[in-house]
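Go ahead and model the full structure; you've got the sequences and the hints to work with.
These protein sequence lines are chains A and B, in that order.
Residue 1 is where the first sequence starts when you use our numbering, and the numbers rise one by one after that.
Residue 1 is where the second sequence starts when you use our numbering, and the numbers rise one by one after that.
Note that these hints are calculated values from the structure, not bench results.
Glycine is no exception: its CB is placed at the ideal position from the N, C-alpha and C atoms.
Treat the hints with care, since some could be wrong.
To be verified - Here are the computed lysine to any residue pairs in the SDA-like style, where the Cα-Cα straight-line distance is at most 25 Å: (1) A:K9 <-> B:S28; (2) A:K99 <-> B:L82; (3) A:K99 <-> B:P29; (4) A:K9 <-> B:R106; (5) A:K9 <-> B:S46; (6) A:K99 <-> B:Q3.
As the list claims (entries may be wrong) - Covered stretches of chain A (in silico footprint by chain B; criterion: 3 or more residues with CB under 8 Å from a CB of chain B, positions within the stretch not fixed): (7) 43-54; (8) 105-112.
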Amino acid sequence: NAGVTQTPKFQVLKTGQSMTLQCAQDMNHEYMSWYRQDPGMGLRLIHYSVGAGITDQGEVPNGYNVSRSTTEDFPLRLLSAAPSQTSVYFCASSRGQPKNTIYFGEGSWLTVV
Amino acid sequence: KNQVEQSPQSLIILEGKNCTLQCNYTVSPFSNLRWYKQDTGRGPVSLTIMTFSENTKSNGRYTATLDADTKQSSLHITASQLSDSASYICVLSRYGQNFVFGPGTRLSVLP
Numbered sequence: 001n002a003g004v005t006q007t008p009k010f011q012v013l014k015t016g017q018s019m020t021l022q023c024a025q026d027m028n029h030e031y032m033s034w035y036r037q038d039p040g041m042g043l044r045l046i047h048y049s050v051g052a053g054i055t056d057q058g059e060v061p062n063g064y065n066v067s068r069s070t071t072e073d074f075p076l077r078l079l080s081a082a083p084s085q086t087s088v089y090f091c092a093s094s095r096g097q098p099k100n101t102i103y104f105g106e107g108s109w110l111t112v113v
Numbered sequence: 001k002n003q004v005e006q007s008p009q010s011l012i013i014l015e016g017k018n019c020t021l022q023c024n025y026t027v028s029p030f031s032n033l034r035w036y037k038q039d040t041g042r043g044p045v046s047l048t049i050m051t052f053s054e055n056t057k058s059n060g061r062y063t064a065t066l067d068a069d070t071k072q073s074s075l076h077i078t079a080s081q082l083s084d085s086a087s088y089i090c091v092l093s094r095y096g097q098n099f100v101f102g103p104g105t106r107l108s109v110l111p
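Structure (structure tokens):
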């Protein structure tokens, strides 16, 4: 049981480049989400999905796109990378019930130069 | 103003000692309050989940308390171990999957 798997672990991009962070879960969870974590701040929600084919914006969605074609996968696309997007990105998944545990991936460290 | 604040920002204790981490929040109403442990370079891992009507929840050496009147929660760690060195994050769930994360407290346990 792999849980939530994120790739790549580390990435350096040049300003203006695009890339996709991959996220997959094998727990058949309905909910999946992407967060970014910056020094001294709590995790902030970028985008989330309540099921295949359904996505919605979180607190900081600008500059990012997502899609949810399957229950298992929830990729995050950076359209035109900016230095302000330098951060650690976490993918998470959970079942739909309010008290269910959120499972996080191991994180993707992204640097935009 | 942050809706979830944590104190102290960082803490250093000796192995075997107890410690208490604080979480103050203004999020209201909320459905549950969670504490997560995040090791350096890893994703957060769930420690406890409490509904707004629960006062305390334990997970081994970790005990979380909640005072809804003062809007405070604490995480008490008993008999600390070197492996407790991590960041501890307080998280409130407003509704559904809408979560508000605190900035975390960085705990270092020294031998």
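Self-check item: Given pair status - Q3 (chain B), K99 (chain A), alpha carbons within 25 Å
Solution: Judged against 25 Å, a Cα distance of about 20 Å means the pair holds.
Practice problem: Measure nothing beyond the straight line between the CA atoms of K99 (chain A) and L82 (chain B); if it is 25 Å or shorter, mark the hint as holding. | Solution: Since the Cα atoms of K99 (chain A) and L82 (chain B) sit roughly 30 Å apart, the hinted pair is violated (cutoff 25 Å).
Quiz item: Holds or violated: are the alpha carbons of K99 (chain A) and P29 (chain B) at most 25 Å from each other?
Solution: holds (15 Å)
Quiz item: In terms of beta carbon proximity below 8 Å, does the region 105-112 of chain A have 3 or more residues touching chain B?
Solution: holds (count 3)
Quiz prompt | Pair hint outcome, K9 (chain A) versus S46 (chain B) [Cα-Cα no greater than 25 Å] | solution = holds (21 Å)
Self-check item: Restraint check for K9 (chain A) with R106 (chain B), where alpha carbons must lie at most 25 Å apart
Solution: holds (23 Å)
Practice problem: Assess, step by step, whether the Cα of K9 (chain A) is no farther than 25 Å from the Cα of S28 (chain B), and give holds or violated. | Solution: violated (36 Å)
Quiz item: Within the assertion that chain B covers the region 43-54 of chain A, do at least three residues meet a Cβ-to-Cβ distance smaller than 8 Å?
Solution: holds (count 5)
In summary, the numbered hints that this structure violates are 1, 2.
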